[in-house]
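Undergrad: In the working numbering, the protein residues as written are 1 to 428.
Source of the hints: derived by calculation from the structure; they are not laboratory data. All clues given are correct.
Capping the alpha-carbon separation at 25 Å, the derived lysine-lysine pairs in PhoX-like fashion look like this:
1) Lys-355 <-> Lys-377
2) Lys-295 <-> Lys-377
3) Lys-35 <-> Lys-84
4) Lys-300 <-> Lys-377
5) Lys-333 <-> Lys-120
6) Lys-333 <-> Lys-355
7) Lys-145 <-> Lys-120
Ranges of calculated distance between the beta carbons of each label pair, as one might list FRET restraints:
8) Glu-373 <-> Arg-57: 46 to 54 Å
9) Glu-66 <-> Asp-250: 33 to 41 Å
10) Gly-211 <-> Gln-5: 47 to 55 Å
11) His-78 <-> Asn-277: 44 to 52 Å
12) Gln-407 <-> His-359: 18 to 26 Å
Glycine is no exception: its CB is placed at the ideal position from the N, C-alpha and C atoms.
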Amino acid sequence: MKTVQLHNGTLTGEVRVPGDKSISHRSVMLGALAKGTTTISNFLTGADCLSTIEAFRALGVDIAVEGQDVTIESGGFHELVEPKHPIDLGNSGTTTRLLLGILAGLPHHVVLYGDASLTKRPMNRVTVPLREMGARIDGRDHGDKLPLSIRGGQLTPMTYTLPVNSAQVKSSILLAGLFTKGTTTVVEPVPTRDHTERMLKAFGVEVNREGNDISVVGNQEMSGTKLEVPGDISSAAFFLVGAAMTDGSDLTIRDVGLNPTRTGIVDVLERMGASINVTTTRYIGDEAIGDIQIKGSRLKAVTIGGDDIPALIDELPIIALLASQAEGETVIKDAEELRWKETDRIEAVVQTLSKMGVHIKGTSDGMVINGSEEPLKGGTFETYHDHRMGMMIAMASLLTEDPVHIQNPEVIDVSFPTFFNDLESLTN
Numbered sequence: 001m002k003t004v005q006l007h008n009g010t011l012t013g014e015v016r017v018p019g020d021k022s023i024s025h026r027s028v029m030l031g032a033l034a035k036g037t038t039t040i041s042n043f044l045t046g047a048d049c050l051s052t053i054e055a056f057r058a059l060g061v062d063i064a065v066e067g068q069d070v071t072i073e074s075g076g077f078h079e080l081v082e083p084k085h086p087i088d089l090g091n092s093g094t095t096t097r098l099l100l101g102i103l104a105g106l107p108h109h110v111v112l113y114g115d116a117s118l119t120k121r122p123m124n125r126v127t128v129p130l131r132e133m134g135a136r137i138d139g140r141d142h143g144d145k146l147p148l149s150i151r152g153g154q155l156t157p158m159t160y161t162l163p164v165n166s167a168q169v170k171s172s173i174l175l176a177g178l179f180t181k182g183t184t185t186v187v188e189p190v191p192t193r194d195h196t197e198r199m200l201k202a203f204g205v206e207v208n209r210e211g212n213d214i215s216v217v218g219n220q221e222m223s224g225t226k227l228e229v230p231g232d233i234s235s236a237a238f239f240l241v242g243a244a245m246t247d248g249s250d251l252t253i254r255d256v257g258l259n260p261t262r263t264g265i266v267d268v269l270e271r272m273g274a275s276i277n278v279t280t281t282r283y284i285g286d287e288a289i290g291d292i293q294i295k296g297s298r299l300k301a302v303t304i305g306g307d308d309i310p311a312l313i314d315e316l317p318i319i320a321l322l323a324s325q326a327e328g329e330t331v332i333k334d335a336e337e338l339r340w341k342e343t344d345r346i347e348a349v350v351q352t353l354s355k356m357g358v359h360i361k362g363t364s365d366g367m368v369i370n371g372s373e374e375p376l377k378g379g380t381f382e383t384y385h386d387h388r389m390g391m392m393i394a395m396a397s398l399l400t401e402d403p404v405h406i407q408n409p410e411v412i413d414v415s416f417p418t419f420f421n422d423l424e425s426l427t428n
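Turn these sequences into a full structure, and let the hints steer you where they fit.
TA: Quick look at the structure:
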């Protein structure tokens, strides 16, 4: 079993994080649906995003990858073909849910499967509304778990109110709406990450938003375009927290995405009293990009829940670690979705941080963490086959007296292939 050993320290210097995972997924999907050439720079070549590329290659799309540059040649969605074999989606929930929306509207029969973890994850959040639009989807557990069989065809437009605050569900329905003969509307009670809407516009699709309603009209022409993927703020979050909770740290992260539906981690750091400065340097289409400087600070506890959650759901594991170094009791609530990620992240975080000596308890929809100035305990820790758990453990090592050994650290490659090299270059 592969392991990596880490020691305590502070973070100083500058770093650029890999391309945004959410935007990388969507850039390939929409580039494959658009007619013409799409070029993508700073693409995240992690395992999940490569699963998206392989899925669309199986659908007949010509996709070339050279380093972090991707070129897509497509005749448009009318030219997509029925794959000869089932499509392996690995561990990528994003690929699965968004691809289901696309396949629902194509006149093909496609079978999707994934690894042991993805196979356990329920897909009913998207299969239920897609069936209401006319999709024929069969699978295990009442047709809501992989492997799934999709027989696509003509869909009926609909208005759908999200029962959970999920950008993946919203995106899946909007993508399905592209294959209807009318207007499809998604109503989101709380704004979720809006990369799909912004990117659809970049490909020439008219997207309308009125209050909480987002609408697309079907059968719009999509044209290939040129895209640059900003740095992933969800990856940057680990270094931001590492610097904020260690005295003497002074770190700058360059060229990171600052989409307001994704900057919840910045808001939480500010509320906790971190010394943080955010500068927008430019825009890539509708997406803001910039630099974040952060220094070690004394932190205070906060309550995180409700409207906070959609903008930082992926950052909650590292925020739990941050809370262990804040004065007072931090409460994380309304985050039951964490139980349906690559692992049950509530259970995994509670078990891991408890082993490190953190005063933490799990709840049905979150965690309660009591901060302490006591050093954390080192030891050997598992990643639960979850990249965000692996990076959280690595950042905790900055605070331990004894070394930290991480089992199966390669899972971090899913979203941050250069993570350990970057961590080593910044640690003093």
